[in-house]
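In the order they appear, the protein sequences are chains W and X. Letter by letter, the first sequence follows residues 1 to 247 of this note's numbering. Letter by letter, the second sequence follows residues 1 to 247 of this note's numbering.
Treat the hints as calculated values from the structure; they're not laboratory data. All clues stand as given, with none of them false.
Chain copies aren't distinguished; within one or between two, either way the pair holds.
Here are the simulated DMTMM-like pairs of lysine to aspartate or glutamate, each with C-alpha atoms no more than 25 angstroms apart in a straight line:
(1) K68 <-> E32
(2) K169 <-> D52
(3) K128 <-> D86
(4) K128 <-> E182
(5) K169 <-> D153
(6) K128 <-> E242
(7) K169 <-> E143
(8) K128 <-> E175
(9) K169 <-> D225
(10) K128 <-> D181
(11) K68 <-> D99
(12) K68 <-> D86
(13) K169 <-> E222
(14) K68 <-> E94
(15) K169 <-> E242
(16) K68 <-> E41
2 protein chains.
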Amino acid sequence: MTRWKLILEWDGAPFMGWQRQDHGPSVQAAVERAARAMTGEEVRAQAAGRTDAGVHAVGMAAHIELAKELTAHRLREGLNALLRPDPVAVLSAEPVADDWHARFSCVGRRYLYRISNRRAPLTLDRGKAWRIGLPLDVAAMREAAALLVGRHDFTTFRSVHCQSDSPVKTLDRLEVQQVGDEVHVHAAARSFLHHQVRSMVGCLALVGQGQWTPDDMRGALEARDRAALGLNAPAEGLYFVEALYPA
Amino acid sequence: MTRWKLILEWDGAPFMGWQRQDHGPSVQAAVERAARAMTGEEVRAQAAGRTDAGVHAVGMAAHIELAKELTAHRLREGLNALLRPDPVAVLSAEPVADDWHARFSCVGRRYLYRISNRRAPLTLDRGKAWRIGLPLDVAAMREAAALLVGRHDFTTFRSVHCQSDSPVKTLDRLEVQQVGDEVHVHAAARSFLHHQVRSMVGCLALVGQGQWTPDDMRGALEARDRAALGLNAPAEGLYFVEALYPA
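Start from the sequences and build out the full structure, keeping to the hints where you can.
What follows is the structure, given as structure tokens:
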């Protein structure tokens, strides 16, 4: 058996998320189906993170194990051919050690959240960003974001469905950037709670629109109470960017 | 009557192009329908350029005339609401002089062509760029592009359906840029022949893949013969960026 690390990109719109679901298509099922079609083997794919329905990925790490002998090139090309027409692509494939695990070996995760800050509805970026019509105060958003960086109890920013043992996480980065008429929020941590990035971005958007002060963000964090959450940002603006592993 | 200049953005995928067609949806018909729904008036929209089926726009200029009195804000918001769910958006609206004409007053047009230079199929950018799997030699493409800049007879790069009086045009800019794993071609001229940008990009792609030398590009230009065209690039990578008018 060879264990393969795959770097995946996908458009989240048609999927219920990464994880296999009974009630709709998932990226995991698409990858497993393509690998099975290529090798005839029952394949189980594991990813660094389980994304929600509608969330995109530009660099998700995953792994599969195959008995069939293949080159990395042939595996990538074969999976990509068989993934059509699903909007999932294998950007790279490389053999890894048998104990390498996309989820459990992962020591860092990076997300990007794209806000399109304009009045006009989205056309080319429809489903690819969260449009907010009111002008955002990026400086205030930066100030509020800085309050969340570090080790905190993120209960407020955690979905009720979160399966993490502890609500305490260390947020390494939460950076707000103006990029043309977009506002990008970059988030990095060893791991995140379920809905954490979208919940933080939702509250940052309230700050950006002047409905919250940065101090309200501090209050929400300190409340350690989901009821203190201002807003959960929609899935369509969120991108899983990169999973980090020890060298 | 007030004449309004509109700046439009659209996703070209579902449209037969700008111009009203009997056999399918057009951006022109969508804009006219929205304006009619808003005012009850028979409205005729004119644009700076007639784009092909599948070609996108991020800053097309157009104009309409309305008897109904409206503010620019209300016109823009109303049209955007009525354009749904078509992927067309009015980015701005402003009143202009009665003799201002989106097409005939235009003194410059800018296009962007996006090539995604990677092996993996496109997911998030599907329909938004032309994917070329073989690595492109951007330096060679630049050398070939430079040969096309200036005043030339562009018959080779002109569709048989082109309605322009003359095949002689002055190409002000044809620049090839590497942007991550994309190659962008920027084209600017007072006006272009039908299919000119896509035809030039198609031949640049041959040069980038080593199938043509820059000298072959010179030969194609000098042939002044459509049969000398190497390749017409697909519509989905092309974006109308900007129309320029005298200050």
